[in-house]
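S.K.: Following the hints, position chain B against chain A.
For the protein sequence lines, the chains are A and B, in the order given. Residues 1 to 226 (the working numbering) are what the first sequence spells out, left to right. Residues 227 to 452 (the working numbering) are what the second sequence spells out, left to right.
One should not assume that every hint holds.
[To be verified] Here are the simulated DMTMM-like cross-link-like pairs (lysine to aspartate or glutamate), alpha carbons at most 20 Å apart as the crow flies:
1) A:K122 x B:D357
2) A:K4 x A:E203
3) A:K88 x B:E289
4) B:K347 x A:E128
5) B:K314 x A:E77
6) A:K50 x B:D318
7) A:K121 x B:D357
8) A:K122 x B:E423
9) A:K147 x B:D318
10) A:K121 x B:E354
11) A:K88 x B:E372
12) B:K373 x A:E77
13) A:K147 x B:E289
14) B:K276 x A:E146
15) A:K50 x B:E372
16) B:K314 x A:D45
17) A:K130 x A:E146
18) B:K348 x A:E203
19) B:K373 x A:E41
20) B:K373 x A:E63
21) A:K88 x B:E303
22) B:K348 x A:E128
23) B:K314 x A:D131
In short, the hints are calculated from the structure, not lab data.
There are 2 protein chains.
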Amino acid sequence: MTPKLYSFWRSSAAFRVRIALNLKDIDYEIIPVHLGKNGGEQLSDAYSNKNPNCLVPLYESNEIRIHQSLAIIEYLEEIQPEPALLPKSPIDRAWVRSIAMDISSDIHPINNVRVLRYLTKKLGISSEAKDGWYAHWIQMGLVSLEKQLSSCPRVGKFAYGNHPGLIEVCLVPQLFNALSAKVDVSPHRTLMRIFHECMQLPEFMNASWENQIDAEGLNPVAPLQK
Amino acid sequence: MTPKLYSFWRSSAAFRVRIALNLKDIDYEIIPVHLGKNGGEQLSDAYSNKNPNCLVPLYESNEIRIHQSLAIIEYLEEIQPEPALLPKSPIDRAWVRSIAMDISSDIHPINNVRVLRYLTKKLGISSEAKDGWYAHWIQMGLVSLEKQLSSCPRVGKFAYGNHPGLIEVCLVPQLFNALSAKVDVSPHRTLMRIFHECMQLPEFMNASWENQIDAEGLNPVAPLQK
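Isolated chain A (complex conformation):
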């Protein structure tokens, strides 16, 4: 049976898994879960019974269900090691994971849809202050990432050597968010160089917002697509 990926076109976490599946050339079927409609389809009984964490993505293959994007990707890496998304040596693996987790644990969760909703609906924060919040955490995170990558001898054409891996899987969706929110990414030359390398690859392009079956409206990062 073709694995299913419960996904939302704009979800960074789902985007990561789409890239990883593409890089590993694993066929999958997208099941859209709309994070806004009907109060959020991720909160429906049907979905929350499959994934009590009520977030996307969810990976489903035969009897197996896994949520949490990085847990899914580590699983894919274990069942199909090539092409590898992680290096071989423990210290290099740790470095790659730490950069990936800087994004998945320290930037992304603070800007999750449900967090933004709490800010505006529960705390009465203005839309402007919410946008400031969103940009603040992204910019702070990108500054740290650029600092770590700009002087790192591990960096080649991509963040680790000359092939995209777990870092790009996390970085590209985060930069989509940054660009969409008009965060100034110009100081982050290493990150943006890697981003543009990635966006020339079909594995990233096919996973991106505008190429999802549930994409809405115009290409949200149109200024990128020169």
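M.R.: Using the frame of chain A, we list chain B on its own:
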């Protein structure tokens, strides 16, 4: 050289690594980094040059430096596999990682010190509303965790079988936060049963808040220590 762990007594992420090091019986030296004093010692030049992400923990061993608690723990698991903190089979590993990441990616980061500081200092949120925010994300996360563990055949004396592993490494620090914030944990029977099992083990006790060299004041979770 004895590895160093840059740590703060109340930091959940540092607490995780302290437990993991104890479970693996790896000797380490604690270097305290105070997240409050002097505007936050994690932001000092000396520390941020070692860890540009400006968070604790940081693990340092000879020439090696790793930040991000789960990246450190995966590294420790790779260089010293026994006692194992992760199961053997890919699907079970994925399950354990997904539960651990529910905590490390979806509960903890939203309640990080810097996030709470932004809420009160930048957004002018009251102390009461901040406490509500803190409790909200913990309670929501614990509901999901209890739902996942309460009916899971993988659960034994501990979350995965009869030995503590990555789930407990993440769960116990999160429950310290919950109890300290007086979140009602009574509905979470499976989680609390596992918590009490853990707190009978020296590996967890020695890693806990009150047993750190930089602990301040009274035992913050005193009601627990019956």
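S.K.: A separate judgement is required for each hint: does it hold in the structure or not?
M.R.: Each hint, compared with the structure:
1. A:K122 x B:D357: Roughly 13 Å between the alpha carbons, so the hint for K122 of chain A and D357 of chain B holds.
2. A:K4 x A:E203: 17 Å, holds
3. A:K88 x B:E289: Measuring from Cα to Cα gives roughly 18 Å; hence the hint holds.
4. B:K347 x A:E128: 16 Å, holds
5. B:K314 x A:E77: Roughly 14 Å between the alpha carbons, so the hint for K314 of chain B and E77 of chain A holds.
6. A:K50 x B:D318: Holds, at roughly 17 Å.
7. A:K121 x B:D357: Given that 20 Å is the threshold and the Cα spacing comes to 17 Å, the pair holds.
8. A:K122 x B:E423: 37 Å, violated
9. A:K147 x B:D318: Roughly 36 Å between the alpha carbons, so the hint for K147 of chain A and D318 of chain B is violated.
10. A:K121 x B:E354: OK: K121 of chain A and E354 of chain B at ~16 Å, within 20 Å.
11. A:K88 x B:E372: 36 Å, violated
12. B:K373 x A:E77: Measuring from Cα to Cα gives roughly 28 Å; hence the hint is violated.
13. A:K147 x B:E289: Holds, at about 19 Å.
14. B:K276 x A:E146: 15 Å, holds
15. A:K50 x B:E372: With Cα atoms ~15 Å apart, K50 of chain A and E372 of chain B stay inside 20 Å; holds.
16. B:K314 x A:D45: 32 Å, violated
17. A:K130 x A:E146: Outside the cut-off at roughly 24 Å; violated.
18. B:K348 x A:E203: 40 Å, violated
19. B:K373 x A:E41: Given pair K373 of chain B, E41 of chain A holds - Cα atoms ~19 Å apart, limit 20 Å.
20. B:K373 x A:E63: 19 Å, holds
21. A:K88 x B:E303: The given pair, whose Cα atoms are some 14 Å apart, holds under the 20 Å limit.
22. B:K348 x A:E128: Holds, because 13 Å separates the two Cα atoms, which is no more than 20 Å.
23. B:K314 x A:D131: 44 Å, violated
When held up to the earlier numbered hints, the structure conflicts with 8, 9, 11, 12, 16, 17, 18 and 23 and fits the remainder.
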